[in-house]
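Colleague: Quick mapping for you: the protein sequence lines, in order, are chains W and L. With the working numbering, the residue at position 301 of the first sequence is 301, and numbering never jumps. With the working numbering, the residue at position 96 of the second sequence is 96, and numbering never jumps.
Source of the hints: derived by calculation from the structure; they are not laboratory data. No experiment lies behind these values; they were computed from the predicted model shown. Each residue gets a CB set at the ideal place from its N, CA and C atoms; glycine is no exception. Hints should not be assumed to be uniformly reliable.
Taking beta-carbon pairs under 7 Å as the criterion, some of the chain L residues facing chain W (in silico) [stated by the list, open to error]:
| # | residue |
| --- | --- |
| 1 | P25 |
| 2 | M26 |
| 3 | V51 |
| 4 | G54 |
| 5 | V56 |
| 6 | V64 |
| 7 | A65 |
| 8 | P73 |
| 9 | A75 |
| 10 | T82 |
| 11 | F83 |
| 12 | A84 |
| 13 | L85 |
| 14 | E89 |
| 15 | S91 |
If you want the ones that stay clear, here's a sample from chain W, every Cβ over 10 Å from chain L, calculated [claimed, not checked]:
| # | residue |
| --- | --- |
| 16 | S69 |
| 17 | L105 |
| 18 | V190 |
| 19 | Q194 |
| 20 | F263 |
| 21 | I464 |
| 22 | S571 |
Computed footprint of chain L on chain W; a stretch qualifies when at least three of its residues, placed anywhere within it, have a C-beta under 8 Å from a C-beta of chain L [as the list claims (entries may be wrong)]:
| # | region |
| --- | --- |
| 23 | 53–66 |
| 24 | 314–323 |
| 25 | 428–436 |
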Amino acid sequence: MEASTRSLPTNIALLGNPNCGKTALFNLLTGSRQKVANYAGVTVERKEGILHTSAGRNVKVLDLPGAYSFNAISNDEAMTRDVVTGHSRESLPDLLVCVTDATNLRLHLRLVLEMRRLGLPMVVVLNKMDRAEKLGISIDVAGLSRDLGVPVVRTVSVHAHGADELRAFLDLSVAPSVHVPWKAPGLEQVLATQKDVQRICQRVVTEPTIDRDPSDRIDKFLMHPVGFVVLALVLFLTFVAVFSMGAWLSGFIEDGTALLGNFVQGHMDDGALRGLVVEGIIGGVGSVFVFLPQILILFLFILALEASGYLPRAAFLLDRPMSKAGLSGRSFIPLLSSFACAIPGIMATRTITHWRDRLTTILIAPLMACSARIPVYTLIIAALFPQEPVAGALVMVGLYTLGIVAAMTVAWVIKRKDIKGTHLLMELPAYQWPDLRSLLIGVNERAMIFIKRVGTVIMALTIIMWALASIPSPRGASMDSPIAGTLAGEMGQGLQHIFAPIGFNAEISIALVPGMAAREVVVSALGMTYAMDGSEEDVESQLRERIATEWSLGTKLSLLIWLVFAPQCLSTFVAVKRETNSWKYMWIMGGYLFGLAYLASLITYQLTNAIAG
Amino acid sequence: MARHQIATLPVLMKGATAIQLNELPMETWARVVEVIVPTDSVDRELVLRLVELGFVPDERVRIVAVGAPGREPLAVRLGGTTFALRRHEASFILVSPQ
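Could you build all of it, start to finish, from the sequences and the hints given here?
Modeller: Right under this line is the structure:
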C-alpha cells in the first residue's frame with residue numbers, strides 16, 4: 001500500500017456484539033449530536049452522530065446495530081452485515097471500530113476475526129476496561145494487537161475522558177478500504193475461528209478464576225422461583241412511581257395550562273378564535289401533555305432495568321408461563337414497553353428473531369393498557385366510584401389484567417398450531433449499574449417523540465374535533481343534546497346506529513372517533529361534545545359529574561371495556577404496517593380489536609342492563 | 001424425528017461420561033465435548049449460532065438457574081456471560097461433567 005494514499009478517517013462505523021457497551025460509547029463520543037432514523041426501506045434503527053477527535057476534527061460516526069454474527073438471523077444483524085460488506089446504500093466506512101467487552105473477550109473476539117476478513121481498515125476497542133480491572137482481568141494489549149494484526153485501544157464508556165485514546169487514534173491516517181468479496185462462513189470455518197479465539201485468549205488474557213463474576217450469585221436468587229416475588233415487587237414499584245411521581249409532576253403542567261388558558265381568555269376578544277385557542281388548542285393539547293411525566297417515568301424505569309441486566313432475567317423467569325401462550329420470554333420486554341406506549345413496544349419486537357413470535361407479539365401489544373388510556377379510565381372510574389378510592393384502584397387493576405389475559409388468549413389462538421415451535425436463546429449480560437448519560441439520552445429521545453406527536457397529530461385532531469363541535473349543521477338541530485345542531489351532532493347520530501346496542505349515546509360515539517386516532521383525546525373530545533368550557537381542570541370535574549348523573553351503569557362499564565380492547569391510535573396502525581411491512585396484518589389487528597371490543601362491550605352492556613335494569 | 005436418534009449419539013462417540021447439556025445437574029461445571037449437527041435446517045441454523053456464541057469443545061459451562069416447572073428454560077454460564085436456552089436448544093451440546 002502506498003503511504004501517499006493514506007488519509008484521515010472522516011466516516012467511521014461502530015460495530016460489535018450486543019451488550020458490548022457500544023451504545024454507551026457512542027453516546028460518550030457524540031453526546032447530543034445524534035440523529036436517529038431508519039435505514040432506507042427497512043425497519044432497522046439508524047443512529048448517526050458527529051464526534052470531535054483529539055485534534056478537533058469532526059468525524060461522522062455510524063452506530064451499527066449490535067450483531068453476534070454476519071450469519072444474520074435478525075434484520076439488525078443483516079443490516080450491519082450489508083453495510084460493512086458494501087451491500088447497502090450506505091457508503092463503505094473509512095474505518096471499522098470494533099467494540100468489544102474487555103470482561104468478555106472470549107465471546108466478542110470471534111466477530112472481530114470475522115470482520116478482519118472484510119478488507120477494511122479497523123481498530124479494536126477494549127471497552128469496559130474499568131470493570132475488567134475491578135474483576136482482576138488483565139489483557140496484554142500489545143500482544144493482542146500483534147496477534148490480531150490490527151491496532152487496539154482501551155476505553156471506559158462511563159467516564160467523561162474514557163474515550164480519549166480512541167479520539168487520539170482517529171487523528172492517525174488509515175489505508176484506503178479494499179473491497180474483498182464476502183462469503184458467509186460455514187460451521188467448519190466458525191469452529192476453526194473459535195479455535196483461534198481460544199488460542200488468542202489463552203495468550204493475552206489473564207483472569208483469576210471463572211467464578212469471578214458476582215452475577216451468578218445474584219442470578220441464583222433472582223432467577224429462582226422466589227425471583228417472581230422480586231419481579232412482582234419491581235413491577236409494582238415501577239407503576240407506583242409512574243402514578244404517584246407522575247401525577248405529582250403532571251400537577252405542575254396542569255396548573256401551567258390552566259394559567260395560560262385563563263391568561264388568553266382574559267386577553268382575547270370573545271369569539272370563535274378565542275374558543276379555538278382556549279378550548280381547542282390549550283385545553284385539548286394540554287390535556288394530553290399532562291401525561292408526559294408518567295410516560296417518561298415509565299420509560300426511565302424500563303431503560304434502567306434493561307441497562308442493569310435485570311429485564312433479560314425477568315424475561316427468563318416469564319419464559320415458562322409465556323410459552324403456555326405460545327410465546328417466549330423474549331416477548332416480555334416489548335409487552336412491558338407497551339404499557340407506556342404500544343409504538344416503542346412494537347418497535348422493541350425487533351429483538352425477537354423468530355418471525356411468528358414477533359408477529360404475534362406485535363398483534364397483541366395494543367392490548368397492554370398504554371399510558372394514554374389512564375386519563376379516560378380515571379375519569380370514568382371516578383364517576384363510577386366517587387367516594388371509594390380502593391374500589392376504583394381495584395377496577396383499574398382489573399382493566400389492566402383484562403388486557404393481559406386477553407393478550408395471552410389471542411396469542412394462544414394465533415400460535416396454538418405450533419405452540420412447541422418457540423425459540424429463546426438469549427444472552428443474560430452481566431449485571432451493571434446503568435450509565436446515566438445513556439439513560440438521559442434515551443428518555444430525552446422518547447420525550448421528543450411524544451412532544452412531536454402532541455404538536456402534530458394530537459393538535460390537529462383536537463382542532464378538527466373542536467371545529468366539528470362548533471360549526472352549526474346546515475340541517476339544524478335534530479336531537480336534544482349539547483352538540484345538537486352541529487356537524488359533530490350529525491355524525492354522532494349516524495354513529496348511533498352502530499353504537500346504540502352497546503350503550504353509547506351520540507356524544508360518546510362522536511368522541512370515540514378521534515379517540516381511535518389518538519386515545520388521549522377522548523377526554524377533551526367528550527368535554528367538547530358536552531360543550532364544556534373553562535380550563536382543563538374544570539372540564540374534567542364538570543364532565544365527571546355529568547357522567548355520574550347522566551350515564552347508566554351499563555354505559556359506563558361498557559365504555560371501560562370498549563377502551564380495553566378497541567383499536568389503538570393511528571400511530572399504532574402505522575407502526576404495525578411499518579414493522580410487518582404489510583397492510584394485511586395492520587387490518588387484521590384493527591379488525592380483531594374492533595370485533596373484540598364490540599363483542600365485549602355488547603355483552604357487558606346487555607348483561608348489566610339485564611341484572612341492574 | 002432426527003432429534004431422538006441424536007440422543008443416543010453421546011454414548012457412541014465420547015464414552016459414557018458425555019451427556020446432553022439439558023441433562024446437566026445445577027451448579028455442576030462441565031466441559032463441552034461435542035456439538036451435534038442436526039439434519040433439520042432450522043436446528044442447523046440454531047446450532048451454527050450456538051457455535052458462534054462460543055458453545056464449542058473445551059469451553060467450561062454450568063447451569064446457574066432453571067425455570068419451573070420442568071427445568072425449562074435453562075440459564076447456562078459460559079465464560080464471561082450467561083445464556084438463556086430452551087431445553088431443546090441445549091440438547092445439541094454434549095458435555096462432560098467435572
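Colleague: Does the structure break any of the earlier hints, and which numbers would those be?
Modeller: 1, 2, 15, 16, 17, 18, 19, 23
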